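Protein chains: 2
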Amino acid sequence: MSVSQHQVRSGVYFDSVMLMQLQRDLAALPEVEAAGVVMATQTNQALLAQSGLLPDGIEARPDDLLIVVRAENEGAAEEALNRVDDLLTRRRSLAAGEYRPRSLEAAFKQLPEAGWVLVSVPGKYAASVAREALEHDRHVFLYSDNVSLEDEVALKALAAGRGKLLMGPDCGTAIVNGVGLGFANRVRRGGVGLVGASGTGLQAVSVHLHQLGVGVSHALGTGGRDLSAEVGGATTTQCLDLLGRDPGTQVIALVSKPPDPRTAARLFAAAQALEKPVVVNLLGYPPPASVLGNLYFATNLKETATLAGALLAEDPADSGPLSGEESIQGFLRGLFSGGTLAAEVLFGLRAVLTPLYANLHVPSVELLDDPTRSRAHTIVDLGADEFTVGRLHPMIDHEVRLRRLRQEAADPEVGILLLDVVLGDGAHPDPAEELAPAIAAARSDRELPVVVILIGTDQDPQNVDDQESRLAEVGAKVFRDAGSAVAYLNAHLRLNPDWPGPPVALEDLAAPLAAVNVGLESFYLSLVQQEARAVQVNWRPPAGGDDKMLAILAKLKG
Amino acid sequence: MSVSQHQVRSGVYFDSVMLMQLQRDLAALPEVEAAGVVMATQTNQALLAQSGLLPDGIEARPDDLLIVVRAENEGAAEEALNRVDDLLTRRRSLAAGEYRPRSLEAAFKQLPEAGWVLVSVPGKYAASVAREALEHDRHVFLYSDNVSLEDEVALKALAAGRGKLLMGPDCGTAIVNGVGLGFANRVRRGGVGLVGASGTGLQAVSVHLHQLGVGVSHALGTGGRDLSAEVGGATTTQCLDLLGRDPGTQVIALVSKPPDPRTAARLFAAAQALEKPVVVNLLGYPPPASVLGNLYFATNLKETATLAGALLAEDPADSGPLSGEESIQGFLRGLFSGGTLAAEVLFGLRAVLTPLYANLHVPSVELLDDPTRSRAHTIVDLGADEFTVGRLHPMIDHEVRLRRLRQEAADPEVGILLLDVVLGDGAHPDPAEELAPAIAAARSDRELPVVVILIGTDQDPQNVDDQESRLAEVGAKVFRDAGSAVAYLNAHLRLNPDWPGPPVALEDLAAPLAAVNVGLESFYLSLVQQEARAVQVNWRPPAGGDDKMLAILAKLKG
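In order, the protein sequences belong to chains A and R.
Going by the numbering used here, the residue at position 190 of the first sequence is 190; the numbering climbs one at a time, nothing skipped.
The number in the numbering used here is simply the position in the second sequence, starting from 1, with 558 added.
Some hints here could point you the wrong way.
Straight line, CA to CA, 25 Å or less: simulated SDA-like cross-link-like pairs of lysine to any residue [unchecked claim]:
1) R:682 with A:5
2) R:1106 with A:386
3) A:477 with R:864
4) A:124 with R:1106
Partial chain A-side listing against chain R, Cβ under 8 Å, derived [what the hints assert, rightly or not]:
5) 1
6) 187
7) 190
8) 344
9) 397
10) 427
11) 459
Since the hints were made in silico from the structure, they are not lab data.
Because the structure is a prediction, the values reported are computed rather than measured.
From the three backbone atoms N, C-alpha and C, an ideal C-beta is built for every residue, glycine too.
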């Protein structure tokens, strides 16, 4: 009958490779059936349990190392556990070949031109290694996961202030000047620059581009949480700016895991300030349009590559920002009779206007507490339930809308008005008769821009061409569909980009890549294989990984 | 100095047109400066306040009629209020021309072939009028808003059981057999059928189609809440089925306000069962792909029309459901090493698989409470933080994935496995070496289908072609991008559509439209203008609109 034995070790550190190797070594011992060597987290304990390897009633903290051996008999199990230290020592001596610096500082002395530091130590130690690297003015590729959001925010602020990139945490991939960091595919070099809060997303797009015969200038991972509300796209914004200035990048592709919508809006502002087409694929974020100025929206990773490839083949003069467009100051106030038109405009403009208020439920759009009063940028559906109790729909009766229009026009904070006019049977027999004088009045004092979305046909009782000319006559800018109005408003109202800190130096991208690697040795080896200069740090956690000792040391230092 | 006076009237009913006319009549009286005649809801009181017409310290309930007059002097204000009843009587006698039935039953006697009833009475009375119409086996176009969600659900269940449509509430528009109901544009007839939980959305698409020279077969509004979780797309499903069978409809376009994601999934299942292309634009719902079988996803209303027009011009044989595809029974289990690939697949498959579980946060996808155990359809990212404490990433170390793969293969409920394999520097030097035997073992007992998303290039250290052939050799279906895998899985795993109740008779659409109108007279007049046969009911609320009396009547009846 099988017998299991186990050990719990506290306050010790081994890297993941060492743990994997120890487990394999133990399992290979005579009469041993199976072995488990894991940090005793809940998930790891559950995985052990599924293999029938979790000892009953075990008491171990997530930080403890748990070693379990199942053998054919008691003696073999005991013997295996007794050999743990031997096995570890043997593995260590196998690894310890060439001389390796034991600190970042020593590594920089050995390779002063190393502009990048790769960090893949366990999450609880990763932030402090990354901080040290930033303080030495190096870019950091932070592969480690299990780093707290607070640490991420703080590290990115530190990085931005120094004009350096903190890529990560949980940053799986990058290609800098042709050299892959972490996980990276070998793809030809070319004119498409990639930015991604998404590891395999970046990898997949780079691969799809390669399959299409297109190449990649640089691929910059920013960490899966970079587009969260808390982090606010800090690294992605830097990367957009950097690739925007990079002469080797003609088209940019931006991919990410599901973003915070307000962060997405800030990134759109940054992307729209670039004089290059930007293909955007933010998972789970509904595209505000197919094309919005120089932004092109893709629905999946393959399409992202296809679009970027197609744009690269185009004349670059066809794209770029609408820099000729005059910017409109002040708030937008949209007074709608059609709920769906209002919603389409909201989904389109929430990507560029903030704060944006409405009396409709749209994610990241603020709900007006009092729909009879506008705040900041506002889109109000005057056909919503609260406006139609004992009152005709605003497509029939313009009274409420006309009054609101006067009110908005009198507000000095208002910079532009937006109305929809829906013709057809059942609607007001002649909207222009009432709306045109009101628009004229609104424009009489200060030429307030007024945009109208006019929905109707030549066969409608009101005749759409006649309505359009009468609205245009008083100075309204008339569009025949909501999407065109969104594009126009986007071009005139979009946010100013918010570039954090000093720009990242282009030379840092252009220089032959040299890096210091702290953590997984395989990442060091793949740098060497790619003929990049690299130094591996023989890293050990402070106080040998003993948390209690670490706390005492911190106190002594403090 | 101006003087205001007001009256509050309880338990009286006037329709919205009458209230608007009374307000205008009062404002036109000598020495009267302004007048307000509104139901005393919070919003209406706020609007009055903004016009300086809200009396101080007024006590009125939302059901009360509030009449306010501001005049140059006390006498004029008083005189105006005294004339209210006169003015109402005059308006009533102006309206009372021809004979009009006072009940639905009388209206049906007058026009027995009326297959449709338009209801636009105030929300609090609308449900009971709609119910009566359904009980007489008529389709109902329910324009009224302020109808409760509970009433909507109950009415739609009643309608579905009788093979009738309950379009609405808050249904602004429809075009049935060439005749517009409610608000509708005059557009040419043709091969595109529209379904929309969105009034102006439907109107806009019909107009854009007309502008493109394309015509509309029917346009069926379903009410803005039809795609909510509670209503579950009840009417939209009926309409999809109906247009699917309609010989005059070659292409269907489906638009809606932001849908509940699970409802969206059910509608996709219904749409995919049709042998026609369906263009889909669900506001705020990120498209799972650009094309998914016979579904085509548009990002805005204009594009919806453009796509539908283009599909109409195509050979219809090119579209239609993938009826030749074999359906796979059992659950999908996806074991991923790449978080973004997992997320792309989740966003693609949540549209067709339910319930779907994952260890990633994706709206309408259930979060696994224990990521080490799958439930129903599951996609698990084995590179997530909880799996990598003290453990190498699954792109490097396959141990956890191999074990999970064996576990899933042994589960008789599992019908198909999905894996990603990401090549490149930093990753495992030869994934096929470990994965191929495991896939072969999983397929040895029951030929379990295994799908692999393989991301890599010909230049990667592992060589993608070699990896592909070794995985294909053991029977894996290999795709080189996530989108293609999603399309494949969708075709083999999609839900069976859930058609509610008996089908709606095609003849009801094909017959010349005849309707009974209860509520806004302008809707009746526009039917007549369009040469449809129609009867206007001279509707009055039960008990003259006196809520207390109504409650007593209900008790006596009960």
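Here is how each hint holds up against the structure:
{"no.": "1", "hint": "R:682 with A:5", "result": "73 Å, violated"}
{"no.": "2", "hint": "R:1106 with A:386", "result": "24 Å, holds"}
{"no.": "3", "hint": "A:477 with R:864", "result": "23 Å, holds"}
{"no.": "4", "hint": "A:124 with R:1106", "result": "68 Å, violated"}
{"no.": "5", "hint": "1", "result": "23 Å, violated"}
{"no.": "6", "hint": "187", "result": "6 Å, holds"}
{"no.": "7", "hint": "190", "result": "13 Å, violated"}
{"no.": "8", "hint": "344", "result": "6 Å, holds"}
{"no.": "9", "hint": "397", "result": "6 Å, holds"}
{"no.": "10", "hint": "427", "result": "5 Å, holds"}
{"no.": "11", "hint": "459", "result": "4 Å, holds"}
Of the numbered hints listed earlier, those contradicted by the structure are 1, 4, 5, 7.
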